[in-house]
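So the chains spell out like this:
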Amino acid sequence: MTRLSISGLAKRFDKVAVLKGFDLEIANGELISLLGPSGCGKTTTLRCIAGFEQPSSGRIEFDGADVVRLPAEKRDIGMVFQNYALFPHMTVAENLAFGLEMRKVAKPEIERRTAEVLKLVQLSDLGGRYPRQLSGGQQQRVALARALVIEPKLLLLDEPLANLDAKLREEMRFFIRSLQRRVGITTVYVTHDQAEAMVISDRIVVMFGGEIAQIGSAGDVYDRPASRQVASFIGLSNFIDGTVDGMDGEYCNVDTRLGRMRCRAGGAPAKGTAASILARPEVIVLSSTEPQDVNRARATVAERYFLGNMIDYRLDCGDGVVMQTQQPPHKVFEVGASVWFAIPAGQTWLLAR
Amino acid sequence: MKALVEVIRDPLRFGFGAVVIAVYVFLLLPIAIVVLASLNAGEYLTFPPQGISLRWYGSFFSSQPFMDAFKLSLQVAATSMVCAAALGTSAALYYVRFARGGKEALRFMVLAPLLLPEILTAIALLFFYYQIGLGTRTLVGLQIGHVLITLPFVFLSVCSALYNINPSLEEAARSLGAGSWTVFRRITLPLIKPGVITGAMFAFIISFDLFSISLLLKGIGTTTLPIQLFDYLRWDYDPTAAAVSTVSIVMTLCVVLITDRLVGLRAVRF
Ligand SMILES: Nc1ncnc2c1ncn2[C@@H]1O[C@H](COP(=O)(O)OP(=O)(O)OP(=O)(O)O)[C@@H](O)[C@H]1O
Ligand SMILES: [Mg+2]
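Residue numbers (this note's numbering), protein chains in the order written: chain A, 1 to 353; chain B, 354 to 623.
Hints were generated in silico from the structure; no laboratory data involved.
Built from N, CA and C at the ideal position, the CB exists for glycine as well.
A hint or two may mislead.
[Unchecked claim] Taking beta-carbon pairs under 7 Å as the criterion, some of the chain A residues facing chain B (in silico):
(1) 27
(2) 54
(3) 58
(4) 79
(5) 102
(6) 103
(7) 106
(8) 239
(9) 317
This is chain B alone, in the form it adopts within the complex (with noise of 0.2 Å):
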């Protein structure tokens, strides 16, 4: 019987395991192929290189256009990373703690943006700013539809952190002699540093990635990298691109790095 049932289960885990792999292949080879692509030597966006050169990065930090939107940006993921973490966090403490009428509706309209096409959000973000006259002349049109869209993955990490702290902590705080402020500051937002860390990652990754949003409510003569990128591949086919990619791909990488660094060495003090 055991026996039988070790048969059964060993080819399963067989089949698992290989299906597992065949994901991660499908998944990460296109990556891969981009990274090959950028150091072709060649002048085509082509696999496999023709020759190994750096050539192509030179040309991207030489562009004026990429580096313009590449500062952009930059500088838009990481607005967007520090309001969000910020508004993300005060939503959760407050939908956590304090809310009690309305508690599912908050928690629906932080999360709707996560829900709905990105593509929707963009396109009533655009009807509304022209309706009160804020359109999309300036980038703070912008930088509002990158906060909406990343303000529910730190909405809901912080959520889940605060979710697994012991009441109690809070209480001893207080009865030591700790003020609401004093207790926030001292034992609940260390404690909840972990889940802000991860939401403020992901909030940066994703708001360095739109496209929608950015399309749509970028104004005329900015533009971010992945706009930038898509306009540029439509008139040219040289590994630029695929440098770009990479160097975004670099980025992501060391991001996530970061973070696992971060929370990876407090999770091991908990």
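For reference, chain A alone in the conformation it holds in the complex (with noise of 0.2 Å):
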């Protein structure tokens, strides 16, 4: 059980920085996930930490202790890959058996360690299959069994659930949650998938370009976005413009090309400052009559689509400003009808522009 700790970790290839030196803590225990664009260097952070990558710059220590200069081989990581990386001339108890073989475990310590994960992962009667004999979750979760048997001091996924169908993907991301949490060991884990990565994380580290854009929980990182950015890397959103006209409380009033709206703020934005209103299509509530709250105004349903549980609203309100809401299937607008919608302001959250 280990503490992760960078700090300034770069990366150029030749020339072209990939990393450009971030800090990062990962505390016993715990699993993050890097969330971030396609070539945002997720998979080169962890090939750092693997060991694969030599860092340009910075530190990587386990525990305190730097590991820079120590080979993958002595860094004792487990890693599960994206193509799973079986060996195909190995059986499944194979596969297993060798990271305890150069460990130099015990014949009859190797059996018992082997049976036990692959109980662990459900997979008890398929020891002597060769990998090409298993399905794709079968494989993956082999995978994981052999990241885990040799008890490493780090647990590494490099999007271990991309070959896999949607069904069996979100079967996956519960086994690997609970299993990391029975076995409690510290896991970095790379998606691309938000979904994912909200569901299996304690903390996600959302990176773009070669740096981390925000630290936090999936609560932090959907509601209380650092940037407009993130927000609009993780899930749905509309961005209202405006310009701040002063706190009021704890709330921040800005006037919109949509009226003056109140507005949840992190800071305290001094007055003049230009800024985005953020509002998640959820939030959003239409309806046919003028509702009550501070943050209203008027528009007309230009498109409509049925997603089966909610209705996907496009409005038309006026100037220029098209909004996205989704709405629960029991509420109807026609299209071209005239509606009022509602922001609650507390479900609002300010970004600088």
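Both chains are sitting in their own frames, so use the hints and assemble them into the complex.
Right, here's the structure in full:
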């Protein structure tokens, strides 16, 4: 069980800065995910931690001991690869035994631990099979078992569910999460699927272009994003541009093209600051009569899509402002209808523009 | 429209099939004739044979020059196979995994004997051996020539095996605690084994069959089977030659079958 701390981690590939020197502390037993768009440096970060890439500068410490000079095989890390990387010429049991053999564990002990971990991933009967005789989900669990059986200091997973179908992916999320809780291992989980990151992690690290944009819980990054970029990467969002008029208690008054709005804010922005209000589509309330809310405006229903559990509307608010909102399916508004919409101030968030 | 396509395609398919069969017949018929001729009971290398007998096989196996040449060929081919397998695999590993600068030059150097006419390589080696005083008194020069010619076959087949290995496999092994030698022995080598075996078998067959190199680089008094056969055919025209050829053909076939068994079985596992 290990505390991982990264400081000033930078990596350049032939002059191109891929990681731009960031700090990250991961507590003992914590599961954090690295979430970000393709090419933002998630895999590179993971490979630096694993020892497959040499950082250009910065420190990586396991429990305070710098491991940057340590080769991958000495770092005692369990890694799960996107394509699983199971050894095709070995059976499941042999795959699991490999890491233990490297640690000179005695034969009976290897058998005991292999069987134990196979049980943990619910594959007890499949020890004698070759990887190609397993389904994708089973291979995934073998890869997980192989990484865990050595009882590593750290578990690293690089998009471990990317090759599974949607349903299995959902199941495996919960499986990995509960397994990680039970084993209590410090884990770094790379994904570009925000729903996966939200379900699985204690904290999410949102990365853009080799830098950390925000670190926080699922609630933090969704409800209180650090920037417009984070807000638009995670979930759907409407941005209403305006100018700060001043603080009113813990709320901030903002003048927008839809009129004056009240809005939650992280700090106390100065009067006259250009800002955007974040309103998630599901917090907006549509009605045919005028609501009591402070933040309200009129709009015309421009488009409507049935999503099954929701109805998705595009509202034309005039002045070129278009809003997206999702409403429960029992409230139906026709395209072309004139409606009111309200944005509860407690569910908005002010962002710098 | 669909029917029309069928009509056009069918003659095409038929024509293609006919060409393939014709090519096979053209290639295989001489072999069949040689095999039949070797069973000839008559005195001369004629076709069709006059009666069936194994007497020419007896004459081959009891002929001292032929048996010496046969043994030497086997020995040279086996040595070439082992050396080419070891060197070719190392070269391929270096080329695919480690080479940075001069990568293409290395590749060209290894493959050059394959691209140049064999006789040119042979002449060049002959001059070179006399220059450095190695000469052709011993079999060393001949053996080096054979390794040179057979090396590209191992190199190419191991390279393609290496390119087909998923690089994460080796990283996975490292993360599990395996050092580079263990990774090679436990992961890389088993995965490229089919490539090594295929290349090695090729090396054996090619070396066994090599003519120009052997002709120029063999010492006086020693000779390999193809050259002995050539010499024999200059003076004698009896079916012993056919028997020798048949034995060679059977041996080549055996090597191919062994390869197929070894590699074929492995291939099913991947
Ligand atoms: N070996 C390399 N040589 C040169 N550039 C590289 C190398 N590996 C990665 N890069 C570059 O570094 C950047 C980050 O790559 P990385 O694989 O870390 O992205 P990622 O966040 O994992 O993306 P994805 O979600 O697509 O996997 C990319 O622009 C990539 O082109
Ligand atoms: Mg990646």
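The hints, checked one at a time:
1. 27: violated, 22 Å
2. 54: violated, 14 Å
3. 58: violated, 20 Å
4. 79: holds, 4 Å
5. 102: Since chain B brings a Cβ to about 4 Å from residue 102 of chain A, closer than 7 Å, the hint holds.
6. 103: Check passed: Cβ of residue 103 of chain A comes within 6 Å of chain B, closer than 7 Å.
7. 106: violated, 16 Å
8. 239: violated, 40 Å
9. 317: Status violated, d = 50 Å.
Against the hints set out earlier in the document, violations occur for numbers 1, 2, 3, 7, 8, 9.
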